[in-house]
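Undergrad: Starting from the structure of chain W, add chain V where the hints point.
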Amino acid sequence: MSTHTIVALVQNRPGVLNRIASKWRQRGFNIESLAVGHSEIPGLSRMTFTVDGMTNDVDQVLKQMDKIIEVVKLSDLTEHDMVHRELALVKVAASEQQRSAIIDIVEVFRSKVVDVSAEALVVEATGTEEKVDAIIEMLRPYGIKELVRTGRIAMTRGSVNPMAVDPTRFAQHRYRPAGEGKAKVGSLI
Amino acid sequence: MTKMTGAQIVMECLAREGTEYIFGYPGGANLPLYDTLPQYPQIRHILVRHEQAGAHAADAYSRITGKPGVCWGTSGPGATNLVTGIANAWMDSVPVVFITGAVVTWLIGRDGFQEADITGITVPITKQNYLVLDVNDIAETIREAFHIATTGRPGPVLVDIPRDIQQQVTEFHWPETVDVPGYDPVTKGDSGQIKKAAELINEAERPLILAGHGVLISQAYDELRELAERAHIPVICTLLGLGGFPGSHELFMGMPGMHGMYWNNIAIGEADLVMGIGMRFDDRVTGRLKDFASKAKIVHIDIDPAEIGKNLHPAVPIIGDVKEVLRELNPQVVSARHDTWHRRIQDIRAEHPSITIPKVDKVLPQYVIKKIYDLSPKDAYYVTGVGQHQMWAAQYFWGDNPASFITSGGLGTMGFEVPAAIGAQFARPKSTVWSICGDGGFQMTLEELATVVEYELPIKFAIINNNHLGMVRQWQHMYYADNLQSVALFQPDFVKLAEAYGMPGMRIIEKADVDGAIEKALRHPGPVLINFEVEQHEDTFPAMPPGAALSETVDTPTYDGEYEFMPGTGSREKVRSQ
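Chains as they are written, first to last, in the numbering used here: chain W, 1 to 189; chain V, 1001 to 1578.
Extracted from the complex, chain W is given alone in its bound form (with noise of 0.2 Å):
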């Protein structure tokens, strides 16, 4: 068992993440994390998730999830030399004495207080798991009221690119951004 980190373009449609999602489902994988965005290329959206399972077993669904026809590419980047964060949003109890301290603790993470009232103060904090885990665990002793993670987001190093697509192939396509001159039913994911 390790933790696999896949990348997918995907066109932004209506009801790719269900796709994609009922793949794992069917395989009993419970996905630890996700993140979708917009990528480079206009139409397609790029996810990170991450899940955790033997090698073999992933490469299984990943191979059923190439055949979904809405995913344009698709790439395991445990193997490579790869560039991961994630972003957290941790709202800490911080009476006017203690905010001192906690702003002590976040610039030694390298991280940001993004919004400060009376009682609490909401800290930005980016990078690896690891260290988000560890900001979050210096500042729990103040009483976390509110936390969210994006889950990981990642991308290759230097030239590399196993992601890369032709993007003339999506500009003349007709698929319209989900929503645009339609009834809005469901939306892209």
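Heads up, a few of these hints could be off.
[Unchecked claim] As a list, the in silico EDC-like pairs of lysine to aspartate or glutamate whose alpha-carbon atoms are at most 16 Å apart:
1) W:LYS67 - V:ASP1304
2) W:LYS67 - V:ASP1184
3) W:LYS63 - V:ASP1184
4) V:LYS1310 - W:ASP57
5) V:LYS1310 - W:ASP59
[As the list claims (entries may be wrong)] Far from chain W, by Cβ distances over 10 Å, these chain V residues were calculated:
6) GLU1017
7) ARG1044
8) LYS1067
9) ASP1111
10) LYS1188
11) GLU1203
12) ASP1361
13) ASP1400
14) GLY1410
15) GLU1499
Because the hints were derived from the structure by calculation, they are not lab data. Backbone N, C-alpha and C define an ideal beta-carbon position, used for all residues, glycine too.
TA: Just chain V now, with coordinates in the frame of chain W:
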């Protein structure tokens, strides 16, 4: 440019795709489609009596003609009734385009009357599905649906169109080309891999071919035959591969696996090369995987990359269309003889003839099925249900007519036999079509006798009636200490039932009457039903226990008396009754 309604666009697209038949059922959400039927007389709508039947009919039609089947139904229950039929086409890789009416767009997601999220429901059992929300998208969507259904590894595609979209009017534009980014099925095999495969074949001393449905789908009959003859390789056909290689050919070995020929299951364990051609090493074929073909190198040819390495790891995987791959492979294969290997298999066959029928007074089910094969014309088509009769039908099928054995393999859908025979008869109106039915399966879809009679389809129904869910009874008998639960079936009078639908029926309880009934049915110009009341407790052998290895297959028990039928070696003539 002509203005058309969405429904007219659907029909126009179907016509341009060459659709001959739509198997369907009307309802509130697809009424606009029915409204346009008179404008398209070249497309014939076949009214079935249940949507599942329409799906199976389109499925069988497609398997025989090689063309995509078309089936439609209304929203909600109409769509959900299709689900079993869609799953059946999905498991057996059959290109069927399903069109469902959906509730009007403003009711979608609001639990409208007869609403079902059919695109959500069918995600895991379709190759692709669409909910069309703009009338301007219909033409491209239908075009794309046919393209995706029929290319690569074929499969069902569903298009769900709300009623209001069917009614809206727009300019019709026929897309001349289809461009689906992200969908590029590979058909040409990798030349390096093909060369490696040729080397393995040329080195092999005990090669075997396991030919599957892919041979039929890519119509690689000649190429498979050339390969087998050139390298002198015995050809084993999987359940869905039957009809992909001539049964009368001396290299044909019959079916492998759970109820396959004993000699095949042993030979697979002794082979030094196993070539899986257009098949997926299904559990019913391989038995316990870790013991499968343990002395063999595996060459696996399949068009679906996801099938490679799914169940076992081949020495040489080749992704591509069977026909294209074999065309490139065959010239690299050196002509060879493997007489010692063939003699070895013949020896196992002589010792374990597997398909033997003892001479007894009782009406044995396998005897009836064998007689149907022997007495029917060579270009007949056979459709089966699922269970014991299906396995006997597969075991005794040694015919030459390509794609003439139609059965539900992957999903194992009881009730397939009645509606699939309807599709088969529409595909081959001039040929004899036998529906070999189980008494259980027949009762699942017998409402289609109305369709049969209405469209004057001369289908011959043979109910192999052992008054039980035979295969379940056999499992309870063999693996659950004979604790028979819910397997004995109360039955209607099948003859009266046939007559009630307006077709003749016969009840056969004596062995002496079997031939006469089959001949009478074949002579009758219309549909006929024969209720063969057969021995109730006959088990299907050979039988590999669930979870066992092929080598643990239990062979057909030996019998002390005379045999009605004992297979010879090789040709169909010898396999025929002696």
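Undergrad: So, for every hint listed, does it hold in this structure?
TA: Okay, the hints, checked on the actual structure:
1. W:LYS67 - V:ASP1304: Judged against 16 Å, a Cα distance of about 9 Å means the pair holds.
2. W:LYS67 - V:ASP1184: holds (10 Å)
3. W:LYS63 - V:ASP1184: holds (14 Å)
4. V:LYS1310 - W:ASP57: holds (9 Å)
5. V:LYS1310 - W:ASP59: holds (9 Å)
6. GLU1017: Non-interface label on V:GLU1017 holds, nearest chain W Cβ at 18 Å vs cutoff 10 Å.
7. ARG1044: holds (30 Å)
8. LYS1067: The claim holds: V:LYS1067 sits with its nearest Cβ about 22 Å from chain W, beyond 10 Å.
9. ASP1111: Fine: 14 Å to the nearest Cβ keeps V:ASP1111 off the interface.
10. LYS1188: The claim holds: V:LYS1188 sits with its nearest Cβ about 18 Å from chain W, beyond 10 Å.
11. GLU1203: Consistent with the label, V:GLU1203 stays out of reach of chain W, its closest Cβ about 28 Å off (over 10 Å).
12. ASP1361: Correct as stated: the minimum Cβ-Cβ distance to chain W is 51 Å, above 10 Å.
13. ASP1400: holds (35 Å)
14. GLY1410: holds (15 Å)
15. GLU1499: At roughly 46 Å from the nearest Cβ of chain W, V:GLU1499 sits farther out than 10 Å, so the non-interface label holds.
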